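Chain A is already provided as a structure; the job is to place chains B and C on it using the hints.
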Amino acid sequence: MMFIAAAAFTLASLTTHTDTTVSVRPGTLLDISNFGGSVAVSTWNKNAVRIEADHSARTDVDLDVNEGAFKISTSSRRGPPGSVDFEITMPMWMAVSVTGPFTDVQIDGAKSGIRVETVKGEVQVVGGAGPITLSSVQGGVVLQKASGRIKVSSINEGITLDDVVGNISAETVNGDVTLSHIDSDEIDASSVSGDLAFLGALKHGGQYHFQTHSGDIQVIVPDRTNAAVTVSTFNGDFDSNCDIKLNQMKGHRNFAFTLGGGGSDLQLESFSGDILLHKGTEMVNLRDLPEVKTTFKRHTLERIRTVEREKRHKARDNQSDEDKSDDEEK
Amino acid sequence: MTDRWTDRLSEYVDGQLAAPEREELEAHLGTCAECSAVLEGLRVVVERARTLESAPPADDLWPAIEARLVAARSEMGAGASAGDPDTATAPPPAARRSIVPFFRPAFRFSVSLPQAAAAALLLALLSGGGVWMALRHASGVAGNGVAARPGVTGLIAATGEATTSPRTSPVIDYVAPGATNAQYAGFDPSHYDVAIAELERTMHEHRSELDTSTVRVVEQNLAIIDHAIDQARRALAADPASPYLNGHLAQQLRLKMDLLRRVTDFAGPRG
Amino acid sequence: MALPALLVMAIGKGQQPTPVEAAGDVQRAAGGDLRAFERLYRVHVGRIHSLCRRMMGSEEAPELTQDIFVRAWEKIGTFRGESQFGTWLYRLGVNVILTRRSQHAIRRGRMNDDPEALETVPTRPSGSDHRLDFDRAIEKLPDGARQIFVLHDVEGYTHVEIAEMLEITAGTTKAQLHRARMILRRHLEGARQT
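Same order as they appear, the protein sequences are chains A, B and C. Quick note, the first sequence lines up with residues 5 to 334 if you use our numbering. Quick note, the second sequence lines up with residues 135 to 405 if you use our numbering. Quick note, the third sequence lines up with residues 515 to 708 if you use our numbering.
Excised from the complex, chain A in its bound form (with noise of 0.2 Å):
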């Protein structure tokens, strides 16, 4: 274990695989830039962070250790870097970023900030609390059992959040946005063409706005919930188990009714999509309920963790397989 106070060095490059750790002072933010390949992070206890990482040996991994960063980033001597696969742990106090445009990113077990930025790469986060932004272009979202200011972004992929507290902006384009079991004050969450999906409670004073273009939007609230609901939509169906009295009526397309006592804002846009709100005695499991189209993803996140490690060990093992393969075969 080295303890740098203020260093830049660079690692050996002339193996496949580095293993370093750096200890770190509290306070001290991870930013990681990584142009393409992946990034795990997980966390631990001691206030020292380790780089596990794959690459060729034309890619260096650079580290960057000032007063208030530690940057770790890739770079070749001749023309971009080339891949990296980077397993990364740090303290969980630790506030991290992680860029690069074809990197595929997952984090897991941060208590503090977290910024994700990708082009290609998919990205999915478990923990994380304090200001969450993760943005992908092509690739989907994931982000679980986090709290704070969150904004997630995708443009062709969906956006799935699970178990999170605190204000959330969800954008996409082209994916569903699935929101599951939320606890916040304010929630915006809008796609153009997929689906929006919410679980959850309308908090008193709250306000949850969601909209769309053409995908359809499902929110499922508890029995009790206190809301004032605004409906509008140009030529969707609009589709409900509460009991409603309406407040107002612009056309048969726009309108506005009262749940209980009122007290949060729940406003349901979409152009030419389907609208339902729906009632539950309690949360559900929304497969149980059979007027709710499957639009819910299924996948946890501990899954597709599993899943991406189990792939990048297949890939190291097939590698030595098709090597061999290929003798045989000539």
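Do not take every clue at face value.
[Unchecked claim] Partial list, derived from the structure: chain A residues whose beta carbon lies under 7 Å from chain B:
id, residue
1, 51
2, 55
3, 123
4, 258
5, 262
FYI, nobody ran anything at the bench for these hints, they're computed from the structure. None of the values given here were measured: they were computed from a predicted structure. All C-beta atoms in this analysis are idealised placements derived from N, C-alpha and C, irrespective of residue type, glycine included.
Leaving out everything else, chains B and C in the frame of chain A:
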């Protein structure tokens, strides 16, 4: 020759006629040889369709597909990780056919340094020296944060809102210059149109610098948004005073602008 | 192509033996094994290409097929095994085709319900071609009628589903389906007479 029943025959074949009509048609069929013959012909068509078999394409498409998959991998790092057998370094299988005639132009397959440079620029933008900023409390957000919709969620995120946790680790966030919700508060479609046109021009100029699959995905999503804009506009034309439709169109235009900005941000240096 | 020992040949009812994917090929492909993915390609390309050809025509079919498999490779990590791989791949293919179709329509500025608008290619005369190939007859149908016929009669979707997929009304789908069937009926009977 057709009579008034001819056009209903398909529905009859599919069992979609209600009982009274069905009985009427069946009675008619008893007396009309023409319709019976047509009905039989339709049944043959349906049966043939149901049992249609699949056949592979005349030319083997696998070489072209493999080339695209390998090229996509190469774009990630201009070369392979050590030991990856599936790159261009592996010997091609013996029975490789010649290229099918529907190849796309070469840019799809070449590993171009500009693409990598563009991506490197992206990284520079995101993580360049000195971009770490301390938390700014609610600086970029409307005072009544509750009603404000999040604005640009581009690659340079525009936040600055206070963290909810009492611990003050500095927030990892960037504040994009000038990117606040105020820009989108007033709805003036002409401003959007001009801005969008300019961004589209920039995007096309730098199109070749982007990863090809990204270009495809971005274009597909722009098409999705364009379709939504088109539908919203037409609905608005019939009901120009509708607050919902006005707001909805504004939202779609904003989304298009956001997406274009995201693309042009990482496509090349801003002019 | 050397087949792995695990590859099993299944014989359907009086059909050609069709290879099923080797056990574990999906997982291997998801792990980056291109050879495993190629095996999956061999198994499924027939159905995918036929769908592309019937829906979008012979000219676009090879490229569309490529696009679908490339996309499947990109997405195979998200395949959860909840359905057959073939079903998943097929649905992915339908989505790609529909997106391409709507892109064409957007470029032509036409995404409406007008039945006339669906006719982008006039029916070509059958000329002196006496050897009837049902598939070729389908290809000669006007675009809109053909796509609806393929989705309903060949692929088995319902009118409600088709209306949703193509963004038109179920009334239009029924009318176009009938039209397609009537044209094909004439083709079949024309062939019988020669």
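Here is how each hint holds up against the structure:
| no. | hint | in the structure |
| --- | --- | --- |
| 1 | 51 | violated (14 Å) |
| 2 | 55 | violated (16 Å) |
| 3 | 123 | holds (6 Å) |
| 4 | 258 | holds (6 Å) |
| 5 | 262 | violated (19 Å) |
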